[in-house]
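Novice: This is what each chain is made of:
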Amino acid sequence: MSCLANGKENVRISAFSSLQKSSEMSWPEPNPLEKLNWLIHLQHVRGETQQCKELIKSEIKKSGGRNEFAYFKQGMILREEGKIQEALESFQICMKLNPEHADNIKEVGKCLYEMRRFRLSLEAYLEAEKVSSCPDWQIYYNIGQCLMRLGEIPKAKEYAHKAVQIGKHENAYSLYIKILVAEGDLRTAVAVCNASIESCPDSVNMLTEAGILCLKMGQTQHAFEKLSSALALDPACSKALLGIGCITQSHDEYDVALTKYKVAVSYEPNSIALWNNIGMCFHSKQKHIAAISCLKRALWLSPTNWRVLFNLGLVHLATYQAASAFNFLCAAVNLRPDVPHSFTSLGCALFELNDYENAGRAFRQAQALAPEDPLIIVNNVLCLLLSDRKQEAMEMIEKFNLVAQQDGAVAKDVATLAEKLAAKLEDSVSSENRTANGICSEHEELNNNGDGFENDNMAAVAAGGRISPDLAQHTFRQVFVYYSVLDKENDETVSCYEVETSSIMHSWYFKMTGTAWPTLPPLTSRPCMAGLDEVASGNLSREFEPDEV
Amino acid sequence: MSRGDLNISRWLEAHSDRSAGLTTFARNVILADVSGDGDYKLVLTDVRIQTDKRSRLKVYKGTLLTSDQVLPDVPSSVISFYTDDLEPRVPAVAVACSSDLLIFKNNKPFYKFCVPPGPLTPLEEECWKLFAEPNYDTQKLITDLKSVNFNQLSGRSQELLNLQPNQAQEYIQRYVGITPIKTSPIVCMSTLNRSSQDALAVACPVLGTEDGIIYVLDPQIFTVLHQANVCNVKSTPTIIKTTGMYDVEFRIVVACRENSICVLRRGWLEGKPVVQLNEDIIDLLLIPGDNFIIIGTTSKMLHCYTKRGQRVWSAATVNAITCLCLVPLKHLSTHLIAVGLKGGSVHLYHGRQTVDYTNSPDTPSAMVFGQLGQEEHVMVIITMGGTINFKILKRTADFNLSNQDKLSVPTLQSKPLPLPKRSKLFIEQSMRERQDPMQMHQSFQQDLVNLRLTAARALVQNLTEQSGAGNAEEQVKLSAQILGLGPKFTLILTLENMNGDKAVSNFSVVFHAKPTIYKLSSYLSTVPLIPPGLSYKLETKVTEVLKSGEEQLPGQAIRVFVIRKGQAHPVLAATINMPPTEITTLLL
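Chains A and B, in that order, are what the protein sequence lines are. Per the numbering used here, residue 274 is the first one in the first sequence, and the count goes up by one each step. Per the numbering used here, residue 169 is the first one in the second sequence, and the count goes up by one each step.
Note that these hints are calculated values from the structure, not bench results. It cannot be assumed that every hint is accurate.
[To be verified] Selected chain A positions facing chain B (Cβ under 7 Å, derived; list incomplete):
#1 E302
#2 P303
#3 N304
#4 K308
#5 W311
#6 H314
#7 T322
#8 K330
#9 I333
#10 G338
#11 L459
#12 A591
#13 A596
#14 N627
[Claimed, not checked] Taking lysine-lysine pairs in the DSSO-like style, the calculated list, with each CA pair at most 27 Å apart, reads:
#15 K308/B x K335/A
#16 K560/A x K589/B
#17 K330/A x K687/B
#18 K441/A x K468/B
#19 K330/A x K369/A
#20 K403/A x K682/B
#21 K592/B x K569/A
#22 K369/A x K314/B
#23 K403/A x K402/B
#24 K535/A x K589/B
#25 K670/B x K369/A
#26 K308/B x K273/B
#27 K592/B x K326/A
#28 K645/B x K705/B
#29 K430/A x K489/A
#30 K435/A x K440/B
#31 K334/A x K221/B
#32 K440/B x K441/A
#33 K589/B x K558/A
#34 K326/A x K468/B
#35 K314/B x K334/A
#36 K330/A x K510/B
#37 K335/A x K221/B
[Unchecked claim] Pair ranges (Cβ atoms, derived):
#38 D615/B x N543/A: 48 to 54 Å
#39 D615/B x Q492/A: 39 to 45 Å
#40 S539/A x V392/B: 55 to 61 Å
For every residue, glycine included, the Cβ atom is placed at its ideal position computed from N, Cα and C.
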């Protein structure tokens, strides 16, 4: 080796280069312009943007503005830097230089898409489709996305389907699934999800998506499997953790659910659904203060989320803070006047506040929304009973029996309560004087059912007078039991909406806040009757409006 | 592996030269036994892209530079391969420069291979034939050439089109009579063993060109053994890796600029895309044995795919990836992946787990691991700053690979939830509410109704008075001045246009006053156009109607509205409180 360094080598080199020259006879063939394209690409992907830009500049100068690839990369870099308009110009030069290259048109389309000019973007992609020599899933996918943005869902679906068929790529699948979910075709969406999992078996996103879709369809077992395999691949996937947590929570395994949520929340500390579910876990574990703080955090993140407001109302009812509960439930009712159970709970809160008249209205409204719900009927009966409208109460009991006969799936505790109420009703109709004793004994019986909720003070009051607050309490408890279940079911939708970031939910929220509240007042201070006004007939509102105006 | 284990580095810092000043890219560094004496040398290219400087091929024996040769062009890749089975076994080193492959043996130029030229467009060929003919209109031919798609022209025509018109004639004269060649630069290279898997076996160079063609060359006579397109759509290769043997069965894995991975097998004339990524590919490795494809991408991810394109795993790296390097450890019968990260660290991955990390002086630009000199496990890192760094892997390093599985347990579950502590105030408030929720509710509702009432009253008052009916858009200012003691007053209104660039017009001023008290000289006066920034003064005489015997009122208000023609709502409204007439002065 040492002999190589002693200068002989240099002689060789010159010989080598002269040899090269002589073979070409004085003028070597000029190098093609694209000889440094590889270096431009390498510097770009390695993140050496500055050097890359300089190289591009010199290459463009050298080629007299004709190096297509240099312009292409320049466009890429500019777009990464957020200078989309300049990037677009760069890509347009590429298009001018080589109008037959579909990639250039695709990039122009992408720039236009990022500039939110979807119509133009769509046109660009359609052009690319024409130019492209063979079917390209990316073009179809992007056309689908543009059509989605333009609101032409059926056409978008067609293109998404094409993209899926050609590319079998995860992005194409997720677009297709998104469209199917938006159309409400969950069954097909699940099928597509399963197909996508087959083609990319390790895709955490797809597994999670499939799990959540299964949850929506109520196939808990499948959902659990899918979400578990997603978690096996990525133990930190907060979406999957939320899904798994929901399932375990609805099986009353609150500690398991909590551990899942804990992990998830450390990755995604601003998730409304997570904090809401954590709150309800604590609620189920009778840790009301923790529940309230979690739910309040969720509310702070999303002040117009009716689920969180509703849950806060429930928790406050459980802690005997009826006045606060009333405010939260009111806000919930205002946001979603079509949910019967919000009205039921609102009725309970009013009931607790001794406002039988308005409680009755709330129950009636709930019943108008869901005439077949045994739980609402039972609560209504109780309200009627306590406001001495025994005739109507009797009618209600009859109706309850009818409903209970029709579908046998009435919850057991609801049924027993209804029985007791019926018995009491007859009792009180026949001999009104003996009511107090009757309720007293009834109360003891209820106490024996033992849920630790009735307190002794209340019992004492009950024994003395005609009201039976603990009976009422028991009814609330029914509502709670029912609700914590419902809440979990709904949470999946919460999580889904979070996950999808689809415009549907958001626009819905916007509409709500836009029409009902031009200037969003603090939610908690919204009085209930305003809410009732909006749904019930105008008569209700009159007495609450200041006459002076 | 505990944290304590990590502190003792598994790497010995052998040598680091910050003044080396090298510009070397990935796939431009190899370790090869260039002189055939079993003493492995480091061969690398030092790239200079400036036109006045030349790139060099450098050979290091240990840490000493022993050979430094000028290259005719910017090199894109370096490989070494054995051309024959003759003893002593001396490998050839091949450097790709533009469209030529320069082959060196024993550090001496050995052969030059030129990539076969691509097809010329008939028009261009015709043009150059016509250039040779005397008295032909050069300008017309140049216009003809311009009509051809620029990318399809040969380098010669491309340069011609970029020349000034006065230079063109001379330029054409240089090449007259020679048919132009359309060449495509070599952008990446690799080697493919010919008929044996042995490390010292004869191997074929595999070249990838800018226009997307893969050539497999015969190592002895340097002719094209096999030629194939990368893909059926336009794809430019950036990295080529191979596995298998040319004579038996092989797989050429090509990473493309279009972010796809294509696979080419024996006998195929066209590659098949197996993976399509959404982000750019920085580097690619093939793990020998199970043939997994490892890809480093710009989104700080390391992906592992099977040879059929199914993703096996993905791992996120802490920083942006700049290069990858395979670390084969025969004594542990495993392969690690060294990942060079921006900022100057090198992480070693075993599968998806990080097993070790080591540092480099700054961001690594190229890495190579293998035998150097007599030492078997040496890692050479060339950084972006030009430093050359040698590291030796300790022989005791086993990377704790046997107890790998314990690492992957997430440790987050033990952390408690970040819940706020229950405050005393909160408890007190809830106790208060519990004690008397009804009263609280009622007083709340009452206050709320009161609040609404107050708000409604304020609104009504505001609506009836119309005072403060200001319009922020209009930017008109009204000021009033009252002169006189009474009963005759002079009311001077000043209307100022605050808008800097727009004149206001079509304004008029309306006065409201109780006719039983005040008489005005005019109740409606039109305002002429007020140019931007200027003001207009308006004078009105006001006479108070005095009735003897009646009690003097303490002074009344006159309301002024500035209105715009054709607009129901006033632009401005103001109330002017008139001073009472000084009776005493009247008496005087």
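Novice: Would the pair K403/A and K402/B pass a check requiring their Cα atoms to be no farther apart than 27 Å?
Specialist: holds, 16 Å
Novice: Mind checking the alpha carbons of K592/B and K569/A for me, to see if they're no more than 27 Å apart?
Specialist: holds, 17 Å
Novice: Does K369/A pair with K314/B here, judged by a C-alpha cut-off of 27 Å?
Specialist: Given that 27 Å is the threshold and the Cα spacing comes to 13 Å, the pair holds.
Novice: Is the Cα-Cα distance between K334/A and K221/B 27 Å or less?
Specialist: holds, 18 Å
Novice: Regarding the pair K335/A and K221/B, is the alpha-carbon distance no greater than 27 Å?
Specialist: Answer holds: K335/A to K221/B is near 16 Å, not above 27 Å.
Novice: Does the alpha-carbon distance linking K435/A and K440/B stay inside the 27 Å limit?
Specialist: holds, 20 Å
Novice: For the pair supplied as a hint, K645/B and K705/B, confirm whether the alpha-carbon distance does not exceed 27 Å.
Specialist: Holds, at roughly 12 Å.
Novice: Measure nothing beyond the straight line between the CA atoms of K326/A and K468/B; if it is 27 Å or shorter, mark the hint as holding.
Specialist: Roughly 22 Å between the alpha carbons, so the hint for K326/A and K468/B holds.
Novice: The hint names N304/A as touching chain B; please verify it with the least Cβ-Cβ distance against 7 Å.
Specialist: holds, 5 Å
Novice: Checking hints one by one. Is H314/A an interface residue toward chain B, by the C-beta closer than 7 Å rule?
Specialist: holds, 5 Å
Novice: Holds or violated: are the alpha carbons of K308/B and K273/B at most 27 Å from each other?
Specialist: Since the Cα atoms of K308/B and K273/B sit roughly 49 Å apart, the hinted pair is violated (cutoff 27 Å).
Novice: Is K330/A close enough to K510/B, meaning Cα to Cα at most 27 Å?
Specialist: holds, 25 Å
Checked against the numbered hints listed earlier, the structure breaks hints 7, 8, 9, 10, 11, 12, 17, 20, 25, 26, 27, 38 and 39; every other hint is satisfied.
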